[in-house]
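> Residue-level listing of the chains:
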Amino acid sequence: MKLVMAIIKPPKLDSVREALSKVGVQGVTATEVRGFGRQKGHTELYRGAEYVVDFLPKIKVEAAVSDELLDKVLEAIRGAANIGKIGDGKIFVGELQDAVRIRTGEAGPDAL
Amino acid sequence: MHKSTSHLQATVFAVAALSPVLGLADETPTLDSGDTAWMLTSTALVLFMTIPGLALFYAGMVRSKNVLSVLMQCFAITAMVTILWVVAGYSMAFTDGGTLHAWVGGLDKAFLAGITADTLSGSIPETVFMTFQMTFAIITPALIVGAFAERMKFSALLWFMGLWLLVVYAPVAHWVWGGGWLADKGVLDFAGGTVVHINAGIAGLVAALMLGKRKGFPTTAMPPHNLAFTVVGASMLWVGWFGFNAGSELAADGTAGMAMAVTQIATAMAALTWMFAEWISHSKPSVLGIASGAVAGLVAITPASGTAGPMGALLIGLAAGLLCFLAATKLKRAMGYDDSLDVFGVHAVGGIVGAILTGVCADASLGGVGLAEGVSISAQVVTQIVGVAATAIYTAVASYILLKVLDLTLGLRVDEEQETAGLDIALHDERGYSL
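Sequence order for the protein chains is A and B.
Just so you know, we're using the numbering used here here: the first sequence kicks off at 1 and counts up by one.
Just so you know, we're using the numbering used here here: the second sequence kicks off at 1001 and counts up by one.
Misleading hints may appear alongside valid ones.
What the hints assert, rightly or not - Calculated cross-link-like contacts (lysine-lysine; reagent style DSS-like; alpha-carbon spacing at most 27 angstroms):
hint : chain 1 : residue 1 : chain 2 : residue 2
1    : A       : LYS40     : A       : LYS60
2    : B       : LYS1185   : B       : LYS1330
3    : B       : LYS1284   : A       : LYS85
4    : B       : LYS1284   : A       : LYS9
5    : A       : LYS90     : A       : LYS60
6    : A       : LYS85     : A       : LYS60
7    : B       : LYS1185   : B       : LYS1065
8    : B       : LYS1330   : B       : LYS1284
9    : B       : LYS1404   : A       : LYS40
Keep in mind the hints are simulated off the structure, nothing from the lab.
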């Protein structure tokens, strides 16, 4: 099992969610986060006082998926979140040791 | 703050002409229901400028951890000044001061002694006049709040504002509107450019300097936390200001109508000027900029609103928009003082621009009502400058002394930990947002 964590632009959340459902992902967690990458921040100006805002608002999408599904998931996220501009985000993939469905106690891939 | 002389003369003439026919004795003041209705309305409008107008205007500009502290300060000042105005403030501003009359009024009307439902002030009940003036006395100290926002102790603030009202505001109001020495000199200040805005703006600068900069200023980002509040507040100020300026005629007449028109014109002009100035110098027009420009225009037209015409309003709006923009965005950076919400840059600078241009725009050649017989524009401008300088010096010195005494006794500033935590939690045990 893999844990896929994608940092995406906020307006892309709905299309990413749809694309993931289409390839068979059953559950997704989304969190509002702030961060910076190669896009860097932007500047804001209030009555002549200029502030550099380093951390831009992004959405972190997390999904636990089976090994077989991984490639499709990566493709789905890329397809849905890609605007073609710097700052579109990144996808991270990690090994997932276990998963347990709280209601039934099912564990491993069955719990996904 | 007088009924225009032409109106008065007309009334006197009419009464004199009718007297023999109707068998009236000498001119006795009578209540005019139209005037009274407008002044009741104006009073509500001016109170609305402070709560919630100014309170929101300021609250939006501070960081979210201090939003309640600013709202609280404006609200508490509203309540406290009301009581102090009843106790002594009104009397000190608007009664005969005997031998001290040039400087301050007396205490004959302390606790509103002698004012009943039937007492008149001109053509309106004195209760209405007293309450109308009270709303001016409320907004003036509330304006100062913006200068030391996010760092002053609440207890020290209450002491300062209470003392300032009696020591600074009431006498200065007396100088200009209560028959004091500036009134005798012929200073034109229809609705309070000097009494309200220069007075508060200079006191704000002194307070900002005495309290010192906020922790982290100017290196740490301190962006406004909710500009929507600020725009809503500025809009309420704009609307409420019709009571402030057109109400200062104390009657529902042609001068009040012109005051309303020039207020609207100057405000729009200043809002656009600030917006375009920022668009040109920083490449984008900002919401905070256009709202600040509107307030600058409102401030600057205030002293001129009873004497300037539409052309004068355009000139005053243009000058205020540009100069206040420079003061708030460039001067503050260059000088390095931390006037948190630009009380000096907008109210003192706008007030001074307005007070001086009042002397110019009152002239008939610029569409004004005309200067007093034999007074040239330059002579009137000199008189205006005397008014500005006297007010600025007095409020600066008196505010300094009051703050110094409070600093040595109570302490003016919250400690560093409280400042970091935010005044809402540190001083009021509350949070503005539980999201």
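> Hint by hint, which ones does this structure get wrong, listed from lowest number up?
2, 7 and 9
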